Amino acid sequence: MQEWTDDFITNAQQELVSVVKDWKYDYGADDKACSAMLLWMVQKLNPKSDIDAVLLLSCDDS
1 MQEWTDDFIT NAQQELVSVV KDWKYDYGAD DKACSAMLLW MVQKLNPKSD IDAVLLLSCD
61 DS
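Numbering follows the working numbering, in which position 58 of the sequence shown is assigned residue number 58; successive positions increment by one, without gaps.
These are computed hints drawn from the structure, not numbers from a lab.
Hints may contain errors.
Claimed, not checked - Heads up, simulated DSS-like pairs for lysine-lysine below, C-alpha to C-alpha not over 30 Å straight-line:
#: 1; residue 1: Lys32; residue 2: Lys48
#: 2; residue 1: Lys44; residue 2: Lys24
#: 3; residue 1: Lys32; residue 2: Lys21
#: 4; residue 1: Lys32; residue 2: Lys44
#: 5; residue 1: Lys44; residue 2: Lys21
#: 6; residue 1: Lys21; residue 2: Lys48
#: 7; residue 1: Lys24; residue 2: Lys48
Claimed, not checked - The following label-pair restraints were derived from C-beta to C-beta distances:
#: 8; residue 1: Thr5; residue 2: Asn46; range: 19 to 25 Å
#: 9; residue 1: Asp50; residue 2: Trp4; range: 18 to 24 Å
#: 10; residue 1: Phe8; residue 2: Val42; range: 16 to 22 Å
#: 11; residue 1: Met41; residue 2: Thr10; range: 17 to 23 Å
#: 12; residue 1: Thr5; residue 2: Asp30; range: 28 to 34 Å
#: 13; residue 1: Asp7; residue 2: Asn46; range: 22 to 28 Å
#: 14; residue 1: Asn46; residue 2: Gln2; range: 15 to 21 Å
#: 15; residue 1: Lys48; residue 2: Lys24; range: 26 to 32 Å
#: 16; residue 1: Lys48; residue 2: Lys21; range: 28 to 34 Å
It should be emphasised that the depicted structure is a prediction, and the values quoted were computed from it without experimental measurement.
Glycine included, each C-beta is placed from N, C-alpha and C at the ideal position.
Take the sequences, apply the hints, and build the full model.
Pasting the structure below:
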């Protein structure tokens, strides 16, 4: 894995923004639904992470 330089972080952020834009375009998702998806992914990748379940609710669930 690459060292976490400023360039690496900037590129990763740009890629993530592109992924979220694709979700919005492809699925009609809003920011809250995309945030819930990202938090769900964090939970899947790191099951010991301490994420408030309320944050995982989509806009339709709140």
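Note to self: Holds or violated: the 15 to 21 Å window for the beta-carbon distance between Asn46 and Gln2?
What the structure shows: Holds, at about 19 Å.
Next item on the list: Decide if the proposed pair is consistent with the structure: Lys24 and Lys48, CA atoms, cutoff 30 Å inclusive.
Entry: This hinted pair holds, its Cα atoms lying about 29 Å apart.
Notebook entry, point to check: Within 22 to 28 Å or not, the Cβ separation of Asp7 and Asn46?
Noted result: Between Asp7 and Asn46, where Cβ atoms are some 25 Å apart, the hint holds.
Notebook entry, point to check: Is Lys32 close enough to Lys48, meaning Cα to Cα at most 30 Å?
Noted result: holds (23 Å)
Next item on the list: Decide if the proposed pair is consistent with the structure: Lys32 and Lys21, CA atoms, cutoff 30 Å inclusive.
Entry: holds (13 Å)
Checklist line | Pair hint Lys44 and Lys24, alpha-carbon separation not exceeding 30 Å | finding: With a Cα-Cα distance of about 21 Å, the restraint between Lys44 and Lys24 holds, given a limit of 30 Å.
Margin query: Quick check: does the Cβ-Cβ distance between Thr5 and Asp30 fall within 28 to 34 Å?
Written below: holds (32 Å)
Notebook entry, point to check: Quick one: are Lys48 and Lys21 within 28 to 34 Å, going by C-beta?
Noted result: holds (30 Å)
Next item on the list: Can you let me know if the beta-carbon spacing of Lys48 and Lys24 is within 26 to 32 Å?
Entry: Holds, at about 30 Å.
Next item on the list: State, for the Cβ atoms of Met41 and Thr10, whether the hinted interval 17 to 23 Å holds or is violated.
Entry: holds (20 Å)
Check: Does the Cβ pair Phe8, Val42 satisfy 16 to 22 Å?
Finding: holds (19 Å)
Notebook entry, point to check: Can the restraint linking Lys32 and Lys44 be considered satisfied, given a maximum Cα separation of 30 Å?
Noted result: Satisfied, since the Cα-Cα distance of roughly 18 Å is no more than 30 Å.
Hint violations for this structure: none, all hints satisfied.
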